[in-house]
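Going line by line, the protein sequences match chains A and B.
Mapping of the first sequence onto the working numbering: position 36 corresponds to residue 36, and the numbering continues sequentially without gaps.
With positions in the second sequence counted from 1, the corresponding number in the working numbering is that position plus 426.
Quick caveat, the hints were computed from the structure, so don't treat them as lab data.
Model, not experiment: these values are computed from the prediction.
Don't be surprised by glycine CBs; every beta carbon is placed ideally from N, CA and C.
Hints should not be assumed to be uniformly reliable.
For the chain B half of the interface with chain A, some residues (derived, Cβ under 8 Å), not all of them [stated by the list, open to error]: (1) L486; (2) E503; (3) F590; (4) T638; (5) K664; (6) G725; (7) Y727; (8) R730; (9) Q740; (10) A746; (11) G752.
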Amino acid sequence: MKDELMWVEKYRPKRIAEIVGNEEAKVSFVEWLRSNRWRKKAALLYGPPGVGKSALVHAAANELNFKIIEMNASDIRTEKAIGKIAGPATTFVALDKFSANTEGSLLFLDEVDGIFGVQDRGGVGAILKIFAQKKGRKEKKTKERKEIQGSQIPVVLAANDPDLRKLRPLRKVCHLIRFRKVRIPLIVVLLQKICLMEHVTAGFEALEAIARNSGGDVRSAINDLQTLSEGGEALRVQDVASLHPRNRSFDFADTLKGVFSAKSSQEAMSVLNSTTIDFDSLVLSIHDNLPLRCKDPVELGVAYDLLSKADVFRGRIGLENWRLLKYFFSLISQATTVSSQPFQPFDFIFPPMRIIALFWTKGKRVTLEALCAKIGARCHVSRRSAKLDFVPFIKAILKEDKSAPLGAWFQLDDKEMGHLMNMGRL
Amino acid sequence: MEQPENISMWVEKYRPKTLDEVVDLKSVVESLKAFLKTPKTMPHLLFAGMPGTGKTTIALCIARQLFGSSWRTFTLELNASDERGIKIVRERIKDFARYTRGAFGNIPYVIIILDESDQMTRQAQTALRRIMETSSNTCRFMLICNYSSKIIEPIQSRCAVFRFSMLDKENMVEHLGYISGKENVSLLPDAAEAIVEYSEGDLRRAINALQTASAYTKTKTVDKKAVLRVIGEASPKKVQLMLNKALGSDFVEARRMMYELMGQYGLSGSDIIRQVHREIFKVSHLTTEEKAELANIIGEYDFRLVEGANDDIQLSALLAQFSKFGKLREAGN
Numbered sequence: 001m002k003d004e005l006m007w008v009e010k011y012r013p014k015r016i017a018e019i020v021g022n023e024e025a026k027v028s029f030v031e032w033l034r035s036n037r038w039r040k041k042a043a044l045l046y047g048p049p050g051v052g053k054s055a056l057v058h059a060a061a062n063e064l065n066f067k068i069i070e071m072n073a074s075d076i077r078t079e080k081a082i083g084k085i086a087g088p089a090t091t092f093v094a095l096d097k098f099s100a101n102t103e104g105s106l107l108f109l110d111e112v113d114g115i116f117g118v119q120d121r122g123g124v125g126a127i128l129k130i131f132a133q134k135k136g137r138k139e140k141k142t143k144e145r146k147e148i149q150g151s152q153i154p155v156v157l158a159a160n161d162p163d164l165r166k167l168r169p170l171r172k173v174c175h176l177i178r179f180r181k182v183r184i185p186l187i188v189v190l191l192q193k194i195c196l197m198e199h200v201t202a203g204f205e206a207l208e209a210i211a212r213n214s215g216g217d218v219r220s221a222i223n224d225l226q227t228l229s230e231g232g233e234a235l236r237v238q239d240v241a242s243l244h245p246r247n248r249s250f251d252f253a254d255t256l257k258g259v260f261s262a263k264s265s266q267e268a269m270s271v272l273n274s275t276t277i278d279f280d281s282l283v284l285s286i287h288d289n290l291p292l293r294c295k296d297p298v299e300l301g302v303a304y305d306l307l308s309k310a311d312v313f314r315g316r317i318g319l320e321n322w323r324l325l326k327y328f329f330s331l332i333s334q335a336t337t338v339s340s341q342p343f344q345p346f347d348f349i350f351p352p353m354r355i356i357a358l359f360w361t362k363g364k365r366v367t368l369e370a371l372c373a374k375i376g377a378r379c380h381v382s383r384r385s386a387k388l389d390f391v392p393f394i395k396a397i398l399k400e401d402k403s404a405p406l407g408a409w410f411q412l413d414d415k416e417m418g419h420l421m422n423m424g425r426l
Numbered sequence: 427m428e429q430p431e432n433i434s435m436w437v438e439k440y441r442p443k444t445l446d447e448v449v450d451l452k453s454v455v456e457s458l459k460a461f462l463k464t465p466k467t468m469p470h471l472l473f474a475g476m477p478g479t480g481k482t483t484i485a486l487c488i489a490r491q492l493f494g495s496s497w498r499t500f501t502l503e504l505n506a507s508d509e510r511g512i513k514i515v516r517e518r519i520k521d522f523a524r525y526t527r528g529a530f531g532n533i534p535y536v537i538i539i540l541d542e543s544d545q546m547t548r549q550a551q552t553a554l555r556r557i558m559e560t561s562s563n564t565c566r567f568m569l570i571c572n573y574s575s576k577i578i579e580p581i582q583s584r585c586a587v588f589r590f591s592m593l594d595k596e597n598m599v600e601h602l603g604y605i606s607g608k609e610n611v612s613l614l615p616d617a618a619e620a621i622v623e624y625s626e627g628d629l630r631r632a633i634n635a636l637q638t639a640s641a642y643t644k645t646k647t648v649d650k651k652a653v654l655r656v657i658g659e660a661s662p663k664k665v666q667l668m669l670n671k672a673l674g675s676d677f678v679e680a681r682r683m684m685y686e687l688m689g690q691y692g693l694s695g696s697d698i699i700r701q702v703h704r705e706i707f708k709v710s711h712l713t714t715e716e717k718a719e720l721a722n723i724i725g726e727y728d729f730r731l732v733e734g735a736n737d738d739i740q741l742s743a744l745l746a747q748f749s750k751f752g753k754l755r756e757a758g759n
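When you get a sec, could you build the whole thing from the sequences and use the hints?
In structure tokens form, the structure reads like this:
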């Protein structure tokens with residue numbers, strides 16, 4: 001290395017203006033920090049890695065004179081650990097507040113999606129508590145000290161998980177600030193600046209290739225630039241060709257697109273291996289979307305046969321035989337790459353059809369089960385048998401002969417009778 | 427207990443109340459009568475046979491014979507397919523055995539009828555085996571199932587096993603004739619024939635069909651036309667439609683219907699697959715060989731359903747095989 005410092009550290013933005021891209025997010029964050037809103041809500045910065053979430057927090061703290069108390073994924077963040085640091089820091093007015101040149105402290109929890117790992121169990125609860133606790137206190141002391149409510153210092157969270165499903169419990173107490181991938185021209189300009197400072201000569205095309213390869217991730221682009229300039233010679237496009245796209249974690253749509261557009265099952269397999277989506281919901285979505293990829297019934301039959309085998313392996317894996325996972329993945333990746341037709345982008349079916357199908361019909365199902373339980377008790381059969389062997393006949397009799405005393409004999413109420421008469425036929 | 431005239435479902439109204447009323451099943455009835463002469467010697471019982479062959483009826487007859495009019499007090503009816511989880515079964519069984527113990531001197535034991543017991547998991551059955559041992563002084567089990575092979579060996583060895591064969595045509599026609607006589611309807615021979623064929627040896631189904639058909643006639647005469655109307659009305663239209671869509675290679679529509687069956691009717695994967703299997707033989711445009719081929723496919727996916735994790739994926743896969751089959755068939759013609 002030409003320098004002791006990694007370039008990402010060396011060129012870490014000191015001021016907000018030095019951060020490239022994500023202008024809206026920057027404005028939103030600074031406004032939040034300057035106003036009093038941080039007492040009631042934390043800020044949750046979310047978006048793909050390397051686009052400047054941590055950088056913004058550090059730069060803003062630097063510029064607005066906050067002292068950062070930071071915890072990130074490398075610390076163990078159980079509820080206890082968070083409570084230990086965050087608790088006192090957020091409930092008591094920090095002493096530094098009285099010292100002349102600082103606004104006080106700022107609690108920064110980086111990579112909060114890591115909180116949901118096994119070791120970090122209960123971490124979310126701790127974060128929620130910081131804000132929930134204050135409400136209790138507020139009720140007690142509203143009259144005397146109105147100003148003590150909410151957190152005493154700003155709390156900032158940063159997360160990578162783009163679909164936010166895991167972070168749902170936090171949404172109530174968080175002001176959401178979204179970060180997007182940084183546009184390629186902006187990255188190129190930044191790389192040019194760094195080249196100037198580091199006395200690296202690089203062609204525009206080479207820098208553009210680096211930027212493109214980074215997929216909007218500024219940090220990885222800077223890292224790549226540094227790696228490629230180690231040779232000390234002028235940087236050409238050919239040198240950039242040695243770069244490999246990083247194994248990034250795919251979000252839902254990316255993963256589906258990846259497995260369905262893969263040209264070989266190996267390629268689909270590598271997508272599966274690098275996705276962070278839990279594979280039970282993934283397999284449901286593949287099942288939903290498979291007919292859109294395999295339009296030909298013959299190919300679809302083959303693909304579904306493989307998916308069905310994969311599901312059998314899922315059953316065998318259960319909760320313990322995880323060594324079978326490789327067969328599960330292998331079968332899925334074969335299933336998604338059956339079609340001989342080139343991949344045409346289509347709108348994915350999401351959320352899973354099963355969830356929609358079962359959600360809307362819950363009321364009907366419950367009523368049907370209740371009336372089948374009554375029939376079953378009367379005729380000494382199971383609910384299932386009542387549903388299949390009795391309901392069609394009972395309905396037919398009642399339709400023909402409205403006066404038949406069946407309803408009274410089964411002790412069906414009006415709702416159940418109504419449902420019985422109006423439900424569609426099996 | 428209800429008076430017969432108040433009972434509106436004929437299956438209940440004409441369910442035999444004593445073993446003497448049971449006309450067929452001679453050998454089963456004889457052995458059971460022998461047991462009942464000295465009730466204390468009666469072992470646990472296991473009744474195996476297809477639906478509608480009289481297993482539950484016989485079990486209820488025994489309960490009546492033992493306890494007379496208060497049989498409901500001393501009999502616990504559980505259905506393994508409703509009471510999911512051994513915990514509930516275990517607690518209810520234990521409570522029930524405890525509640526009656528020694529309190530009534532002239533009662534030899536209480537009876538627990540466990541219907542559809544082949545629906546229980548192996549673990550549940552293993553737990554049940556222990557309960558059968560510890561409570562053998564205070565209660566007797568009557569296990570009812572379709573396939574005794576699904577009951578674990580240790581339980582089978584603790585029970586006297588009775589196999590219920592399907593009712594033959596003559597017996598069935600006789601039963602239907604008896605009931606229609608009591609109800610003052612005349613059942614024409616070809617109508618009886620049609621009901622018997624439709625019910626596939628299931629007497630419960632046959633009686634339900636008879637009652638529905640007689641509701642359709644104003645003249646107190648059940649003819650073949652009325653029976654065919656019942657069959658049409660009671661047939662699972664949605665399942666047939668789903669099947670036709672799949673065989674016509676409209677997989678997406680077939681799958682949508684499958685979700686409707688699961689959602690609106692709460693049918694499980696195995697419920698649907700059983701219906702599909704029954705309906706596939708009624709599809710008129712398929713040859714016998716083709717039906718056999720499809721039945722093989724159904725069998726394979728029924729098996730995978732047991733092993734797999736998601737019913738809807740396995741069923742969709744089955745539908746996809748149907749639409750593949752339909753496509754290839756169309757191409758072949």
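Results of checking the hints against the structure:
no.	hint	result
1	L486	holds, 7 Å
2	E503	holds, 7 Å
3	F590	violated, 15 Å
4	T638	holds, 5 Å
5	K664	holds, 5 Å
6	G725	violated, 14 Å
7	Y727	holds, 7 Å
8	R730	holds, 5 Å
9	Q740	holds, 6 Å
10	A746	holds, 4 Å
11	G752	holds, 7 Å
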